[in-house]
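Colleague: So the chains spell out like this:
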Amino acid sequence: MSATTVKNIVNQPYKYGFVTDIESETVPRGLTEDTIRLISAKKNEPEFMLEFRLKAYRQWQKMTEPTWPHVNYPAIDYQNIIYYSAPKQKKEKLNSLDQVDPTLLEAFEKLGIPLSEQKRLGNVAVDAIFDSVSIATTFKEKLAKDGVIFCPISEALQEHPELVQKYLGSVVPVGDNYFAALNSAVFSDGSFVFIPKGVICPMELSTYFRINNGETGQFERTLIIAEEGASVSYLEGCTAPMYDSNQLHAAVVELVALDNADIKYSTVQNWYAGDANGKGGIYNFVTKRGLCKGVNSKISWTQVETGSAITWKYPSCVLVGDNSVGEFYSIALTNNKQQADTGTKMIHIGKNTRSTIISKGISAGNSQNSYRGLVKMGSKATGARNYSQCDSMLIGDNAEANTFPYIQVDNNTAKVEHEASTSKIGEDQLFYFAQRGISEEDAISMLVSGFCKDVLSKLPMEFAAEADKLLSLKLEGTVG
Amino acid sequence: MSDAILSVRNLTANVDGNPILKGVNLEIKAGEVHAIMGRNGSGKSTFSKVISGHPDYEVTGGEIIYQGENLLEKEPDERAKNGIFLAFQYPLEIPGVSNLDFLRVAYNARRKYLGLEELDAFDFEDLVEEKLKVVQMNPSFLGRSLNEGFSGGEKKRNEILQMALLEPTLGILDEIDSGLDIDALKIVANGVNQLATPDNAFLVITHYQRLLNYITPDFVHVMYDGRIVTSGGKELAHELENKGYEFLDEQALAEV
Chain X
1 MSATTVKNIV NQPYKYGFVT DIESETVPRG LTEDTIRLIS AKKNEPEFML
51 EFRLKAYRQW QKMTEPTWPH VNYPAIDYQN IIYYSAPKQK KEKLNSLDQV
101 DPTLLEAFEK LGIPLSEQKR LGNVAVDAIF DSVSIATTFK EKLAKDGVIF
151 CPISEALQEH PELVQKYLGS VVPVGDNYFA ALNSAVFSDG SFVFIPKGVI
201 CPMELSTYFR INNGETGQFE RTLIIAEEGA SVSYLEGCTA PMYDSNQLHA
251 AVVELVALDN ADIKYSTVQN WYAGDANGKG GIYNFVTKRG LCKGVNSKIS
301 WTQVETGSAI TWKYPSCVLV GDNSVGEFYS IALTNNKQQA DTGTKMIHIG
351 KNTRSTIISK GISAGNSQNS YRGLVKMGSK ATGARNYSQC DSMLIGDNAE
401 ANTFPYIQVD NNTAKVEHEA STSKIGEDQL FYFAQRGISE EDAISMLVSG
451 FCKDVLSKLP MEFAAEADKL LSLKLEGTVG
Chain Y
1 MSDAILSVRN LTANVDGNPI LKGVNLEIKA GEVHAIMGRN GSGKSTFSKV
51 ISGHPDYEVT GGEIIYQGEN LLEKEPDERA KNGIFLAFQY PLEIPGVSNL
101 DFLRVAYNAR RKYLGLEELD AFDFEDLVEE KLKVVQMNPS FLGRSLNEGF
151 SGGEKKRNEI LQMALLEPTL GILDEIDSGL DIDALKIVAN GVNQLATPDN
201 AFLVITHYQR LLNYITPDFV HVMYDGRIVT SGGKELAHEL ENKGYEFLDE
251 QALAEV
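Chain order of the listed sequences is X and Y. End of the first sequence sits at 480 in my numbering; the numbers just go up one at a time, nothing left out. End of the second sequence sits at 256 in my numbering; the numbers just go up one at a time, nothing left out.
I should point out that these hints are in silico values taken from the structure, not numbers from a laboratory. Just so you know, these numbers come straight off a predicted model, no measurement behind them. Backbone N, C-alpha and C fix where the C-beta goes; we use that ideal spot for every residue, glycine too. It is possible that some hints are incorrect.
What the simulated footprint calls covered on chain Y by chain X, stretch by stretch (three residues with Cβ under 8 Å from a Cβ of chain X suffice, anywhere in the stretch; the number is not a length) [as the list claims (entries may be wrong)]:
| hint | segment |
| --- | --- |
| 1 | 43-57 |
| 2 | 63-75 |
| 3 | 105-116 |
| 4 | 125-131 |
| 5 | 191-198 |
In silico SDA-like pairs for lysine to any residue, Cα to Cα no more than 25 Å straight-line [claimed, not checked]:
| hint | chain 1 | residue 1 | chain 2 | residue 2 |
| --- | --- | --- | --- | --- |
| 6 | X | 453 | Y | 100 |
| 7 | X | 140 | X | 233 |
| 8 | X | 453 | Y | 150 |
Taking CB as the label site, the calculated pair distances span [unchecked claim]:
| hint | chain 1 | residue 1 | chain 2 | residue 2 | range |
| --- | --- | --- | --- | --- | --- |
| 9 | Y | 130 | X | 469 | 31 to 37 Å |
| 10 | X | 408 | Y | 93 | 35 to 41 Å |
| 11 | Y | 29 | X | 417 | 37 to 43 Å |
| 12 | X | 77 | Y | 59 | 42 to 48 Å |
| 13 | X | 65 | Y | 93 | 49 to 55 Å |
| 14 | Y | 143 | X | 428 | 45 to 51 Å |
| 15 | Y | 122 | X | 428 | 28 to 34 Å |
| 16 | Y | 65 | X | 400 | 41 to 47 Å |
| 17 | X | 276 | Y | 68 | 48 to 54 Å |
| 18 | X | 402 | Y | 210 | 46 to 52 Å |
| 19 | Y | 122 | X | 417 | 35 to 41 Å |
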């Protein structure tokens, strides 16, 4: 492949890097108790919520940022971040999509997420979040007929405060870790999902996160509850404009599955990753955890992580209910100077609990990509089983892949299996494809899709093809 | 000459800065089968890699004209799409990519290049089933990952299957006989014989005369220290088998 082609492809711009010109309402830079009171007041929150936030803030102040991840970045000045930014809307409360500022609708349309009635995705309900607030949720009424609640968490705090109060912080306590504490103090919006007893959610639910403002942190909070026998599949997507500076994204996601409930949570993360020299990009420091509270419950995480300058993320399952099942299927792709330290925790507490971990890390360019995972078999988790498979693929000669597995077994009836492999896409493989008339781009995309097949097949159908395409796009021109 | 498929003139090439090919001359016409023999390290395999455009091999001089065009200007995938096929000595194992998908993408890449309509998955499967007969391969190989866990013989048969699908103008077989038992060797050789037509040509690279009992060459060339030092008819192969390659050393010494 000639040098110019490589250059052209590498220089292909990040498709979602545009900025929407819209007037925003922001709070002053920095974080104090007053900032938190201001955010809470803006949202007209119930008293318990303010208490929750303040408690988190006070804990956060006593904590220090974790340094154990295998990533490097300059110190973050937490007093230089704007903790709340909302696009100015003409009306305070929106009753229908017609009242949403057309600029916002256009922005989402440009991202491939049409919100208007005629164009929206057939069987997917979307909650669209722009900077700190949710601007629209589709199919709300249709879902309500089945008793499904799908709305911004700020709205849930008004309409269903008892549900939020019962479950918020029950999986990720306010002081769980540095970034979760920060999120608990300042989170502005996110999605709330409640699937009542026995209901199989009739459509895919999805949230699309968009960071627009260059100086705002995004701190969204997602809470999903599936009652006894309920079932739901949820997907989140993320993009951000290209800025030279870094933006902090510290989200918390909590999932609760009661007896026989089933939650499938999929992520396609494509935040701006910074340029080829590592300038700019999102710091994606996220806490995601699911609680399999009831017997026979199941929580499944599938993630395709392709963006962000730095990713620090370990979607986990706490398997409390007997016979409950936790799954983690992950593709983490890093290129240029991206850094990712990602993996999962499977905490087995109940009897005969089972977990599966399939992790596929792809590192290209000068990036570093680490898998970090904990499998813990508690003393009462008799008959528990785990199977882990961690595969790394290196593209080119300057990328780095690491695997940090942690295994703790406190009872002798539990079984833990761990397999790992490392492979490399090298010149010889590409030459073999080229000799059969297959271009370098097609070869890499076939090799990567093949490598990721086990995980891509776990994504909801509508998004699997999209994710596959995204992977190839991100890797074009990585082997010179 | 209008029927020349390949003309190689004074070709020199380096690997890692070391000269391996030191002035190769060769002319191949349509309908011909050529064999290049020589011991390990003589430059035979390098020659096949240079023709097909492997990036590790640096051409330092001379020219390769393929169907009237300068081949050295073309990228490896372009050369393939123009009808040059290299059957690898060590076909690579590609986990996760199914044999069938690989074959279809390769086949359609060539079709597209030739301005023909690409075949859909169903039509392509019918075509492959037909071609499997050429190498007596079990259809179950199509569903497996490309070459992964294939035996040596199965890999080589899979190479010939690819060749049967892509119908090259110039088929190069790089030590296709290495690691094959006699039955597999016969199947592979028979496959190649079925593909030979008056319009295409084959270049068979081998260490041993054995293969040439099954694929009869029109010309045999002996490569020594990066050059073709002797050429002749198929009887030259037998001569080499009897004499061994040592006489070449004596010849080389005599020249000093």
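Colleague: All hints are to be evaluated individually against the structure, with a verdict given for each.
Modeller: Verification of the supplied hints:
1. With 5 residues bearing a CB less than 8 Å from a CB of chain X, the segment 43-57 of chain Y meets the requirement of three and the coverage assertion stands.
2. Using a Cβ-Cβ cut-off of 8 Å, 1 residues of the segment 63-75 of chain Y lie near chain X, which falls short of the minimum of three, so the contact claim is violated.
3. With a threshold of 8 Å between beta carbons, the proposed coverage of the segment 105-116 of chain Y by chain X holds, since 5 of its residues qualify and at least three are required.
4. Remark: the segment 125-131 of chain Y is not confirmed as covered by chain X, as 0 of its residues place a Cβ nearer than 8 Å to a Cβ of that chain, below the required three.
5. Evaluation of the coverage hint for the segment 191-198 of chain Y: breached, as 0 residues show C-beta separations to chain X shorter than 8 Å, against a requirement of three.
6. With a C-alpha separation of about 15 Å, the suggested pair residue 453 (chain X) and residue 100 (chain Y) falls inside the 25 Å cut-off, and the hint holds.
7. For a cut-off of 25 Å, the pair hint linking residue 140 (chain X) to residue 233 (chain X) stands: about 16 Å separates their Cα positions.
8. Distance check on the hinted pair: residue 453 (chain X) and residue 150 (chain Y) sit about 21 Å apart at the alpha-carbon level, within 25 Å; holds.
9. For residue 130 (chain Y) paired with residue 469 (chain X), a C-beta distance near 33 Å keeps the hint of 31 to 37 Å intact.
10. Distance hint for residue 408 (chain X) and residue 93 (chain Y): a CB-CB separation of about 36 Å, consistent with the stated range 35 to 41 Å.
11. About 60 Å separates the C-beta atoms of residue 29 (chain Y) and residue 417 (chain X), a value inconsistent with the hinted range of 37 to 43 Å.
12. In this structure the hint that residue 77 (chain X) and residue 59 (chain Y) lie 42 to 48 Å apart at CB is violated, the actual value being about 56 Å.
13. A hinted range of 49 to 55 Å is violated for the C-beta pair residue 65 (chain X) and residue 93 (chain Y), which are about 44 Å apart.
14. Between residue 143 (chain Y) and residue 428 (chain X) the Cβ separation comes to about 24 Å, which falls outside the hinted range of 45 to 51 Å.
15. A C-beta distance of roughly 33 Å is found between residue 122 (chain Y) and residue 428 (chain X), which places it inside the suggested range of 28 to 34 Å.
16. For residue 65 (chain Y) and residue 400 (chain X), the hinted distance range of 41 to 47 Å is satisfied, since their beta carbons lie about 45 Å from each other.
17. For the pair residue 276 (chain X) and residue 68 (chain Y), the beta carbons lie near 42 Å from each other, so the given range of 48 to 54 Å is not met.
18. For the pair residue 402 (chain X) and residue 210 (chain Y), the beta carbons lie near 49 Å from each other, so the given range of 46 to 52 Å is met.
19. Separated by about 39 Å at the C-beta atoms, residue 122 (chain Y) and residue 417 (chain X) satisfy the suggested range of 35 to 41 Å.
Checked against the numbered hints above, the structure breaks hints 2, 4, 5, 11, 12, 13, 14, 17 and satisfies the rest.
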